[in-house]
Amino acid sequence: MKIGVVTFPGTLDDRDAQRAVRLAGAEAVSLWHADTNLHEVDAVVLPGGFSFGDYLRCGAIAAQAPVMQSIIDAANGGLPVLGICNGFQVLVESHLLPGGLIRNEHQHFICRDQKLIVENVDTAWTNGFKLGQEITIPLKNGEGGYIADAETLNRLEGEGLIAFRYSELNPNGSVNNIAGLKNKKGNVVGLMPHPEHAVEPGFGPDTPAAMRSGIDGLTFFTSVISQLVNA
Amino acid sequence: MPKADLLDPAGKAVANALQRKGHSEVTNVRIGKRIELHYATTPTEADLQAAKQIAADFLSNGVIEDVVNVSVEN
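For the record, the sequence lines run as chains A and B. Quick note: the first sequence uses our numbering, first residue 171, plus one each step. Quick note: the second sequence uses our numbering, first residue 58, plus one each step.
Since the hints were made in silico from the structure, they are not lab data. Think of the CB as a built atom: it goes at the ideal place given N, C-alpha and C, for glycine as much as any other residue. Watch out, some of these pointers could steer you wrong.
Example chain A residues on the side facing chain B (calculated, C-beta under 8 Å, incomplete) [to be verified]:
1. Gln277
2. Gly302
3. Ile317
4. Asp319
5. Asn353
Label-pair ranges, simulated between beta-carbon atoms [stated by the list, open to error]:
6. Ile88(B) / His265(A): 22 to 30 Å
7. Ala401(A) / Ser128(B): 22 to 30 Å
8. Val125(B) / Ala380(A): 49 to 57 Å
Based on the sequences and whatever the hints tell you, model everything.
Right, dumping it as structure tokens:
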């Protein structure tokens with residue numbers, strides 16, 4: 171089982187994503203933005219960071235990178251793709267997911283352990299959760315305000331394409347508390363919070379049980395592995 | 058330009074600063090981008106059409122922004 175993790179210039183969380191993949195039990199394969207070769211990976215993670223300095227718009231230049239042409243084609247063919255934070259922005263700019271992400275409503279960068287509600291478990295990356303489950307994973311972004319036009323929002327809500335919503339607090343002004351989306355097939359998922367930072371006891375969010383013991387993010391990676399194994 | 062119905066935090070911050078400086082006649086500020094494409098020779102009509110396509114497909118995101126003008130300047 172091989173899961174590719176893409177590195178763009180300015181990507182920050184590729185190593186953490188690779189580590190999450192390994193902790194979940196798969197082999198992490200490093201993919202390079204300028205290389206169209208996906209090296210026969212079974213799934214792809216677009217990690218967080220500030221690809222191409224967030225110039226033009228967050229994710230806009232990365233969406234034009236050679237590796238993204240291969241990923242877009244493969245995703246349209248059903249390859250599981252997870253976009254985290256900047257990776258979510260890349261998915262939106264690649265038109266694999268609809269809408270846009272703008273500067274946080276309160277104009278500040280925010281970093282916190284964020285509660286989310288799992289709104290859809292019919293995806294490659296969320297099938298290990300229970301519908302309606304509350305999870306806690308870190309969130310850290312400056313431009314995480316999700317927006318879409320009314321027609322798109324109606325479609326997202328009507329077709330059940332919202333994967334996660336913010337719980338208790340909307341940290342960035344996202345419409346309908348949207349934290350993450352899935353595509354129709356469920357192979358593509360994008361979200362602003364960072365599951366790869368909640369995969370190992372001692373390094374995750376606090377839980378009532380113990381400090382830094384939260385590993386809710388690991389389920390993203392074990393979900394895709396179990397789907398691929400059972401495919 | 059950011060779409061009219063969209064929150065423009067940078068514009069809002071500048072508008073607040075103008076209020077603080079006493080410019081109460083300014084009711085709102087919106088901040089957009091100017092992007093210049095340079096050509097070796099005088100752009101043709103086809104170049105202008107291509108630039109409009111680039112503006113629509115890549116330089117702007119129609120969800121967030123409107124392209125307000127694409128024109129040839131010296």
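Now for the hints, and whether the structure bears them out:
{"no.": "1", "hint": "Gln277", "in the structure": "holds, 4 Å"}
{"no.": "2", "hint": "Gly302", "in the structure": "violated, 29 Å"}
{"no.": "3", "hint": "Ile317", "in the structure": "holds, 7 Å"}
{"no.": "4", "hint": "Asp319", "in the structure": "holds, 7 Å"}
{"no.": "5", "hint": "Asn353", "in the structure": "violated, 16 Å"}
{"no.": "6", "hint": "Ile88(B) / His265(A): 22 to 30 Å", "in the structure": "holds, 26 Å"}
{"no.": "7", "hint": "Ala401(A) / Ser128(B): 22 to 30 Å", "in the structure": "violated, 52 Å"}
{"no.": "8", "hint": "Val125(B) / Ala380(A): 49 to 57 Å", "in the structure": "holds, 55 Å"}
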